[in-house]
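There are 2 protein chains.
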Amino acid sequence: MKTWNTPELKSVRFSDPFFAPRIERNRSVTVPSAMARCRETGRWDAFKRLWKPGMPNPPHMYWDSDVAKVLEGMANLLAVEHDPTLEAEADRLIDDIVSAQEPDGYLNVYFSVVHPEERWTRLYDGHELYCAGHLIESAVAYFEATGKRKLLDALCRYVDLIAKTFGRVPGQKRGYPGHPELELALIRLYRVTRNKKHLELARYFIEERGTRPAYFHTENPHVNLLNLQADRPLREMTDATGHAVRAVYLYRGAAEVAAETGDRELLSVCERLFESMTGRRMYVTGGIGSGPWGETFTHDFDLPNQYGYAESCASMGLVNFASRMLNLTGDARYAEVMERALYNGALSGLSIGGDEFFYSNPLEAGPSMYEFGHIQRRRSRWFNTSCCPTSYCRFLSGLARFFHSWADGEIRIHIPAASTADLPPGALKIESNYPWDGQVKITVLRGGYFTLGIRMPDTVEVNLDGKTVSGKSELGYWLLSREWKTGEALEYILPMPVETIRCNSKVYNNAGRIALKHGPVIYCLEECDNGVIPSRLALPSGQDFGLKRMRIGDLDGIVAITGKAECLGIPENDALYYMEKKPCGTVRFTAVPYAFWANRKEGAMSVWVREK
Amino acid sequence: MKTWNTPELKSVRFSDPFFAPRIERNRSVTVPSAMARCRETGRWDAFKRLWKPGMPNPPHMYWDSDVAKVLEGMANLLAVEHDPTLEAEADRLIDDIVSAQEPDGYLNVYFSVVHPEERWTRLYDGHELYCAGHLIESAVAYFEATGKRKLLDALCRYVDLIAKTFGRVPGQKRGYPGHPELELALIRLYRVTRNKKHLELARYFIEERGTRPAYFHTENPHVNLLNLQADRPLREMTDATGHAVRAVYLYRGAAEVAAETGDRELLSVCERLFESMTGRRMYVTGGIGSGPWGETFTHDFDLPNQYGYAESCASMGLVNFASRMLNLTGDARYAEVMERALYNGALSGLSIGGDEFFYSNPLEAGPSMYEFGHIQRRRSRWFNTSCCPTSYCRFLSGLARFFHSWADGEIRIHIPAASTADLPPGALKIESNYPWDGQVKITVLRGGYFTLGIRMPDTVEVNLDGKTVSGKSELGYWLLSREWKTGEALEYILPMPVETIRCNSKVYNNAGRIALKHGPVIYCLEECDNGVIPSRLALPSGQDFGLKRMRIGDLDGIVAITGKAECLGIPENDALYYMEKKPCGTVRFTAVPYAFWANRKEGAMSVWVREK
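Order-wise, the sequence lines are chains A and B. Residue 477 in the working numbering sits at position 477 of the first sequence; the count goes up by one each step and never skips. Residue 558 in the working numbering sits at position 558 of the second sequence; the count goes up by one each step and never skips.
Pulled out of the complex, with its shape left as it was, chain A reads as follows:
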């Protein structure tokens, strides 16, 4: 089964107006502030195992994963740029982590010092194997960035213990992770170690999950198996179900296994689940997991705006899952979803300042929005369950994985953001102002014979050094195989009108509403730009929308959409109910990228706006 490779992190450099500043802000603010929060809250030093029963602030069962994700972010930064101070910090942390390992290889602070008697007894909710997965990912990333094996070797010993503990041999436990993550981490590990045991263990977890009798019910008979994607074997699943982050991590794990084993049936299961997830259960922003209770998938077409959950981690997970599917199939529809989440719902959880976070990403905030739990209208600096902030550390520092792919004699460009990419078949430089406009120039920095594939509609005209050149069209990509010469340049213009998106009326509150899209960017109306709450506005859809450049926070050159809107009047005395229709006025509206909302004055916001 052919698969494309993701670039090494150091091989891609961004200079685009959208992500490049965010990547830099992640380095300068998000990672350092997450390190600081981890220190303040006791997470960082928990690996020193100083906590004893009776002391305050016991390590929590998620803590190992929080620190591991920040460490993975640090490793990603080190992969791109030498930073001895940061590397020394990482080394000290790794010393602590490795010192926390038990003689038998076990490595989990909570189950070592807080509840050692519970080891391997609460797979369904203990996050024990989930933490193992994140530690593995950080170890792989750190090894790839620095060549240092200390953490990697420790994790390999831990994996040996896990492999001895779980499996189908008599005496082994037939368990699997309550929160998937270890599966995909084991494949990352396998790609470094080429140790077949690592692949086999990942495959075992994928295959064993959901078999009968239900393992989680041996731990606790009240476990909701559907919520944990353990109600049936993955191969029998038809819908994306249960806790959204668990789901998307599991499906990606399965896709990673399929990539390594060439299992086409497993791949087709992943395709089916991807289709359920994105074709019937995904917000227009690339948010997934709409249930206001429990961070879960619910039903087809159940996508509430204000009380929608759309967890930041779930959208980041979707980017990773879509990327893997794209690299397994070469099909642009995966790139489309990946790009949608990247530019919208996966980014909206992070403030432009880089140190405030949404856990959930609602598509609407009414003026009287009732905040509850993680459903908020203002980002927070941290959460008790801080999966989302720590996810950003590794996500933004790992963005280089998503824009290009390569295989022997092939390069693919999925998103034409301004960047340089030095890949084995050749090196390219992309110049563009994407996503703000569609004009793209690709210059060959290092030539050779390879197939260049660029995602674009097949109506786009491509010029090679000023002359029209025709390529092949395949699954949404324009392909041209030739001997590329250093210095040659391709140019093309992606059509980028302001588009009005409509939504199936089954999504109840979106009937009669439109959303605005420009390139990959989904827009929203914020009260602070419009002077009125957006629910008062209705947009004539046939109009010529305008574009204007603006600044939000310290991010300049953001392209906003402007146009005419009808504005509903206000009833006398601000009455709750009234009878007579108020005359509507005509006003100008401004819509800004959804990913940048909630960075200014607090107010109402809508992605879906009434159509006039």
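Please note: incorrect hints may appear among the correct ones.
When chains are identical, the list treats them as one kind, so a pair holds in a single copy or across two.
Claimed, not checked - Listed next, the in silico EDC-like pairs over lysine to aspartate or glutamate satisfying Cα-Cα at most 16 Å (straight line):
#1 581 / 499
#2 601 / 356
#3 148 / 95
#4 612 / 566
#5 173 / 45
#6 612 / 580
#7 173 / 118
The hints are simulated quantities; they were obtained by calculation from the structure and are not laboratory data.
Fit chain B to the given chain A structure using the hints.
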């Protein structure tokens, strides 16, 4: 302070098309089935105190109140109609209840047999004083219906114990109910006993609540005082806050105290809280407590449709609170709210069959509505927390309290439902088809000199035996003082066009939508009448709406609203998102009374419909 009296239950008989069948169904189905559910679940026999530690199915801390509310319903039925079998059942139950009383007067099964060590230690959540209140209400109702004092006397002894336990004298606890109810029950008791201690205890609970230091925090420092209306003294409150049923019971308790003490300041607090509750936080159906989490009030204008809570008990409580305010002020705006809840949100929780219940009453059910906890699209036969089913037993059997009032030399008609009312100043017969049309005839069955007040717009022409007669207009009532002769008849026609209601845009999802109203009845569109989900429909508001008679379940003669609607097309392959606007077709729509929704084929429903 002048107050009007509510009629004795036996003095009013209904023959209207809307409530009379439901009152009868309550007698024949709802009360017997609630008795059966209470027996099946162990509630009924719990008073026998047979449960011992270690046995299954321990009595729950709400159980006393469930049984008490069913008993109050039985008492109400007995007040109207002799039924020796029912009375014998009630007597046996009362024997059990009284046998459960401790020697010191204490009467609570849960705290007697399950956790005796917790007596008076969990006022904030133990429902101990709440159960006492419901037992008192049932005792008063049974005494009023039958003249039997056994339960009443037992409860008076319990109240003596409560009065000894709580108060401001050193050695007493300065506590008050975690769930208000006892306050209003004590006033009902006082009206029977005229024992000043009963009034004083109610007043103490109202006044002590919310003082500092916070009593509930002595029990548990983590109690959310706002949710329990204990964050400040009632007299300092400006907004309806916290758990909605608790709130509306507390405010009614305060109004009952004001009625007995003539405390105008307390009355004005109640007016202010009523205004907050109904002017900025009430669904158009008379539902209150919109928070999808915690059954609470949230913010002004936060009224989500699908995930709105609007608990059945809260609307029934609102009817009672509005009725008390009406009888304290004679102001028709209280009657308007009372009527709105009565005909809509307080009734929607009960199936036409009489034995299925909504706990929460959403104004919208999308085709993919995600049911969670009590937010449902189908009624249930019972709940673990079965406050709502048992509330209906006493509510529908006690409806006679709400349609008329009287004082010395005065009769008020708040709602002209077909009925006879034999009140101290005189007896009247109302003939009408209300709420289906506005034609009303009121015949004097027993005359005398009194002021007759009828709620109606001051533009309505009134005829006395065929001749126009003019009355005084006062706070929404038409008043005529004269010597009424037996056999005389007044006739008038209430204007009853189909009205389109609009909603403040701050209620986010209602901007650009309308709701239909005919008389006091709020309508909704159900999928089963329209063949399509209502979100696809948009109603031209200026049209001439039609009326037609229909049947739902075994309820005939229901007036539906019909008219033209535009129907949005369906995208190809039922796509979630699409670009091109689909052509709209024109269809006929049918809207039915909201109170009767979810009695037929399950499907989507909307109260608020897009305006074309």
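How the hints compare with the structure:
1. 581 / 499: between (30 Å within a copy, 12 Å between copies)
2. 601 / 356: within (15 Å within a copy, 47 Å between copies)
3. 148 / 95: within (12 Å within a copy, 81 Å between copies)
4. 612 / 566: both (7 Å within a copy, 14 Å between copies)
5. 173 / 45: Answer is neither: 32 Å inside a copy and 47 Å across each miss the 16 Å cutoff.
6. 612 / 580: between (19 Å within a copy, 15 Å between copies)
7. 173 / 118: within (14 Å within a copy, 43 Å between copies)
Checked against the numbered hints given earlier, this structure breaks only hint 5.
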